[in-house]
Every structure is written in C-alpha cells, then in structure tokens.
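Build out the structure end to end from the sequences listed, making use of the hints.
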Amino acid sequence: EPEVTQTPSHQVTQMGQEVILRCVPISNHLYFYWYRQILGQKVEFLVSFYNNEISEKSEIFDDQFSVERPDGSNFTLKIRSTKLEDSAMYFCASSPTVNNSPLHFGNGTRLTVT
Amino acid sequence: RKEVEQDPGPFNVPEGATVAFNCTYSNSASQSFFWYRQDCRKEPKLLMSVYSSGNEDGRFTAQLNRASQYISLLIRDSKLSDSATYLCVVNVGNYGGSQGNLIFGKGTKLSVKP
Chain B
1062 EPEVTQTPSH QVTQMGQEVI LRCVPISNHL YFYWYRQILG QKVEFLVSFY NNEISEKSEI
1122 FDDQFSVERP DGSNFTLKIR STKLEDSAMY FCASSPTVNN SPLHFGNGTR LTVT
Chain G
22 RKEVEQDPGP FNVPEGATVA FNCTYSNSAS QSFFWYRQDC RKEPKLLMSV YSSGNEDGRF
82 TAQLNRASQY ISLLIRDSKL SDSATYLCVV NVGNYGGSQG NLIFGKGTKL SVKP
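If you read the protein sequences in the order shown, they are chains B and G.
If you read the first sequence in the numbering used here, its first letter stands for residue 1062, the second for the next number, and so on.
If you read the second sequence in the numbering used here, its first letter stands for residue 22, the second for the next number, and so on.
Don't read these hints as lab results, they were simulated from the structure.
Please note: incorrect hints may appear among the correct ones.
Stated by the list, open to error - Derived lysine-lysine pairs resembling DSS-like cross-links, with alpha carbons at most 30 Å apart:
| # | chain 1 | residue 1 | chain 2 | residue 2 |
| --- | --- | --- | --- | --- |
| 1 | B | Lys1144 | G | Lys66 |
| 2 | G | Lys63 | G | Lys127 |
| 3 | B | Lys1139 | B | Lys1118 |
| 4 | B | Lys1118 | G | Lys130 |
| 5 | B | Lys1139 | G | Lys66 |
Structure representation (structure tokens):
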C-alpha cells in the first residue's frame, strides 16, 4: 500500500534557527496538508495545499511558516525562526480529492526546539 | 469553546468486552465525520468514516446524530490490539472547496487487558 513518507523522523534545532520538514505524498494524490500535535494535545490543522498554492491555513500558520512543492514529489514545511513552542510532532498528509476522502498521514517528524 | 469534545478516558476493559465512545461537535455546518485511531507517538490512522445512516465495519459500529451533533463508536469483542487512542474527527469543509481542514478531538484512550 502506498504511503506518505516524512523525513527526518526527529529534528533537534536551536531556537531561532530555520528548519525544513520534508514529505513525499502518495504519488497520485493532489491535495497536501500539514498538521501538528504538541505532546499531550490534539492534532491541529496548519495548512492545505493544492495546485501549487495554499488553499487554506489556520491561525497557527503565521508568517514564520511556509510550504513549498519544489518538484513533482516533495512537499516541504519551513519554519523560519523556530520558537520553543514550535516543538511538536508534525504530520504531513495527502488525499486524492477533497470530496470527503480521508487523509493519509505520514509517520511524522518530531521537532524539538531547544 | 471546544469544537470537538471527547471523554479522555482511559477506558480500561477486559478482552471481549463491548465499549462505546461518544463525541460531540459544536459546528452545525460540519459535513463529514470520521473516527481515527492513534497509537502512542504514531500518526493518526483512519478507522472508519461515519455516515448519517450509521455504518458498521466488522466489530466497529459508528453512529451520527446531526440534530444532537453527536457521534459514537462501538467496539464489540475488543482485542488487545484495539488498545489505542480513538480520535473523533470532523470536517467543516469551508473555504474554496478545500475539505482537508480536519478538526480533531483530543481523543479517548482505550486499554484492553487480557
């Protein structure tokens, strides 16, 4: 079964540094998403992306965040200047359509900001 | 105001037991509904979609009551492998057709004991 893959599995960075989290969505999927989950908290929507542009973003997704699909397979989340509170599990997801189709999540990148 | 509310549990049940989880959602415009399961420090995985008429998948039965904004999940003949956190998930489906903005509950923890 095709999977969404994310790298790295764990990223440790110092406060103020830039990080890029990488994702390879399922190949025939057209819609891509980033979610995050702070330890012990609920999963929260960050951003959705379709046709090379952001289609929706949450209040969490401020100017420090950006997404990009640099080529035909990768989908990245960049955090420009990390803060301690950015420490969380970041999940990438993809879906073939938006019509009530469930999302397929990657296994996540654990970001630790020190 | 919590958008998707669940009893956090934990529910500790013996193997073979029947267990039910409930969930309420606040946005009456919610369009689609799901149950996901999440194992410790892993990604959410779709368990089942929830349809207005109710639906069953093996030992799992989901019900939706739109008037009461209430969703339920029933697990029959529980197995040790059912131990996980069960996430109630709602899709409001707003903005430009993007329906990937899933609203997650915090989850109900289930522990099935031998």
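Each hint tested on the structure:
1. B:Lys1144 <-> G:Lys66: Holds - the C-alpha atoms of G:Lys66 and B:Lys1144 are around 29 Å apart, at most 30 Å.
2. G:Lys63 <-> G:Lys127: holds, 14 Å
3. B:Lys1139 <-> B:Lys1118: holds, 14 Å
4. B:Lys1118 <-> G:Lys130: With Cα atoms ~29 Å apart, B:Lys1118 and G:Lys130 stay inside 30 Å; holds.
5. B:Lys1139 <-> G:Lys66: holds, 25 Å
Hint check: no violations occur; every hint is consistent with the structure.
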